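Letter by letter, the chains look like this.
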Amino acid sequence: MKWGDFMNRREFLKLGGSSIAILTVGGKSLPAMASEPLDLPNVNDNNTEQYAVLTDVTKCVECKMCQMACQSYYGLNGGQNVEDLSPEAWTFIRTVEVDVNGKQEKRNVRNQCFHCLEPACASACPVGALYKEESGPVVYEGWKCIGCRYCMTACPFGIPRYEWDSKAPLVTKCIMCFQRLKNGQQPVCTAACPSGATTFGKRSQLVELAQKRLKDNPTKYIQHIYGLHEAGGTSFLYISDVPFKDIGFREDVTKRALPDYTWDTMSKIPAIVVASGLSLVGAYSWTKFKTRVEGERGEDNGNKDTE
Amino acid sequence: MEIRILNSEFIFRMTRVRIALATVFFAGLIAMVCRFVFGLSAVTNLNDQYPWGLWISLDVIGGVALGAGAFATAAIVYIFGQDQFHSLARPAVLTGFLGYLMVIFSLLLDLGQPWDIWHPVVMWQPHSAMFEVAWCVMLYTIVLFLELLPSISEKFGWQMPTRLVKSMYIPLVIAGIILSTLHQSSLGTLLLILPDKLHALWYTPLLPLMFFVSSIILGLAVVVFEAILVGRSMKIDEIPMLSRFTKGIPAVVLAYVILKLADLINRGELSQVFTNSMESGLFITEMLVIIIPAYLLLFKSIRSNEAGLLTTSIALIIGILFNRLNASSLGLAHYFNKVYVPSLTEILITLGLISLEVLIYIFVIENFPVVEEHSNGTDINNHSSLV
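From first to last, the protein sequence lines stand for chains A and B.
Numbering (the numbering used here) for the first sequence: 1 to 307.
Numbering (the numbering used here) for the second sequence: 1 to 387.
Calculated directly from the structure, the hints in this document are not laboratory data.
Treat the hints with caution; some may be incorrect.
Straight-line alpha carbon distances no greater than 30 Å define the calculated BS3-like cross-link-like pairs of lysine-lysine that follow [as the list claims (entries may be wrong)]:
| no. | chain 1 | residue 1 | chain 2 | residue 2 |
| --- | --- | --- | --- | --- |
| 1 | A | LYS290 | B | LYS338 |
| 2 | A | LYS288 | B | LYS247 |
| 3 | A | LYS290 | B | LYS300 |
| 4 | B | LYS166 | A | LYS245 |
| 5 | B | LYS338 | A | LYS288 |
| 6 | B | LYS247 | A | LYS290 |
| 7 | A | LYS255 | B | LYS338 |
Facing chain B, according to a computed beta carbon distance under 7 Å, are these residues of chain A, among others [to be verified]:
| no. | residue |
| --- | --- |
| 8 | ALA124 |
| 9 | CYS148 |
| 10 | TYR150 |
| 11 | LEU280 |
All figures in this text were calculated on a predicted structure; none of them were measured in a lab.
Backbone N, C-alpha and C fix where the C-beta goes; we use that ideal spot for every residue, glycine too.
Between the sequences and the hints, there should be enough to build the whole structure, so can you do that?
Okay, here's the thing in structure tokens:
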């Protein structure tokens with residue numbers, strides 16, 4: 001069975017069962033939901049809150065279905081044994097050895113764009129080729145891109161990859177299947193996950209779900225939701241039973257939204273223009289005035305001398 | 001050997017240094033062709049961790065600062081009425097203009113989609129520091145061209161452009177200074193989005209101000225450097241004037257150093273200067289290479305001798321360029337556990353562009369009325385070679 005067929009069958013099956021309300025806020029039914037991939041929570045509600053993805057590192061079984069579903073859907077050729085994000089792999093499972101109470105254990109961690117709530121890349125892009133959709137995805141429009149790569153420099157998670165070998169290179173990264181979201185479908189990766197390790201939903205609901213899991217299993221989980229506050233908050237959230245730094249996450253990421261760092265200065269530009277303009281005109285007028293006065297004085301002196 | 005261009009009155013005298021520069025340029029040219037034929041990965045060491053390399057750090061971020069002499073000198077001469085330095089203004093504007101052309105050229109090489117370089121003109125994103133940089137490059141290059149126009153039109157005896165530019169010269173100068181203020185600082189703003197990646201010795205919310213102040217130091221040093229070389233070739237004794245001109249440099253450096261220290265203390269990062277790390281070594285080197293020449297410039301004996309002026313101005317140029325390299329590349333090494341090492345072709349292209357700029361500068365200086373004829377009757381067409 002090809003991956004494409006797999007996806008279509010899956011989508012078809014889910015459409016049939018979509019009338020079941022899977023997400024219930026405050027929810028007694030939440031644990032049951034965890035093992036099941038989510039459908040779009042009622043698209044027609046007036047809730048304009050962003051969608052998000054929660055990945056529970058403890059539940060990943062290294063089947064790589066998310067990785068392969070993404071490659072198949074977007075026609076990428078990364079293959080099974082991907083070791084890093086690349087133009088041919090927008091998401092991949094990294095398997096790491098971790099030390100758990102002196103025992104070496106494996107953990108599988110999904111990597112992809114975090115889709116920041118206030119993305120550094122989008123604020124960095126000089127032409128608006130990157131932007132945040134209201135529904136959550138951080139999207140890239142290649143035809144606008146000039147290739148300055150400031151987005152790559154700016155990204156606090158080091159996500160965007162460049163087509164270095166191409167003669168007309170573009171930036172590549174996960175786009176959270178924004179077209180599918182528009183059609184009321186969830187991303188192919190979360191739809192493909194059989195173990196409930198990576199799940200799709202509204203962000204606040206997923207945060208609640210994550211908090212509940214941390215609370216219910218305080219000894220199992222590290223009491224931290226990665227992405228809740230990192231870089232000012234992200235749409236992709238993680239929970240784990242081993243320290244995040246051990247599974248390849250940077251713990252030194254700022255909690256402040258990155259665009260704010262730039263905007264602190266950028267917002268002052270009109271004031272700088274007015275202030276420097278006025279002081280330059282003032283300085284010039286003063287210089288002119290001084291030369292005139294000195295000139296007149298000089299002339300006076302000259303006149304006296306000749307008299 | 002003289003090269004007469006297309007039977008015109010334009011002459012380019014070849015010397016050994018110039019032949020060397022031309023050779024470097026042609027080697028760089030071949031590398032540039034390779035960049036477009038084989039792509040970025042073939043000629044650079046750029047990668048996803050370091051998407052910016054030598055060209056952005058030195059040619060663009062450093063190159064813009066090199067052009068700061070134009071606005072600093074224009075301010076001194078036209079706004080603060082220091083007419084005694086008038087003869088420095090036109091060569092400074094020429095350097096600025098050529099420097100900006102080089103910046104644009106480097107960008108064309110570095111951009112993945114250079115044919116779309118005009119996009120920021122129509123696709124606005126005013127939250128982006130890069131958008132500000134793009135607009136400043138565009139507008140200030142136009143201003144520099146207009147400021148330079150009289151030198152060109154005088155050569156050809158055109159009246160209209162000269163009169164037009166002269167009638168709006170002061171507004172033009174003021175616009176140029178405002179644009180430069182924005183532009184020099186915007187390169188610092190560019191790096192503000194790296195609070196996690198850039199080392200605390202360079203990362204500060206005051207980075208835009210730091211870049212602005214230090215660009216003045218660099219700009220003035222470049223003006224001194226080139227005035228000495230031009231003076232040599234034109235057999236004009238510029239030293240007494242430069243001796244007065246450089247009096248102000250120690251004050252600017254002092255202001256810059258105080259700003260740096262106050263900022264480090266204020267952020268509680270002063271101890272970073274004295275750790276046994278690569279970064280503290282880079283920082284101390286960077287500061288000493290500007291503090292020592294600035295200190296030396298306090299002495300009249302150094303200011304009034306050519307070797308003293310030349311050495312101190314070169315040190316200041318290197319010091320500030322080193323700062324730009326630290327703030328945009330080496331200061332990231334602690335985050336990636338890796339230093340960016342440019343490829344030989346990258347270096348060759350940078351050297352080729354610098355050689356080209358120097359050659360064009362020499363050609364313009366020798367063929368256009370950029371350097372004013374002094375009252376002592378120096379004949380502009382009868383001088384020894386610049387280099």
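- Message: If you test the structure against every hint from before, which numbers come out violated?
- Response: When the structure is compared with the hints, numbers 1, 4 and 5 turn out to be violated.
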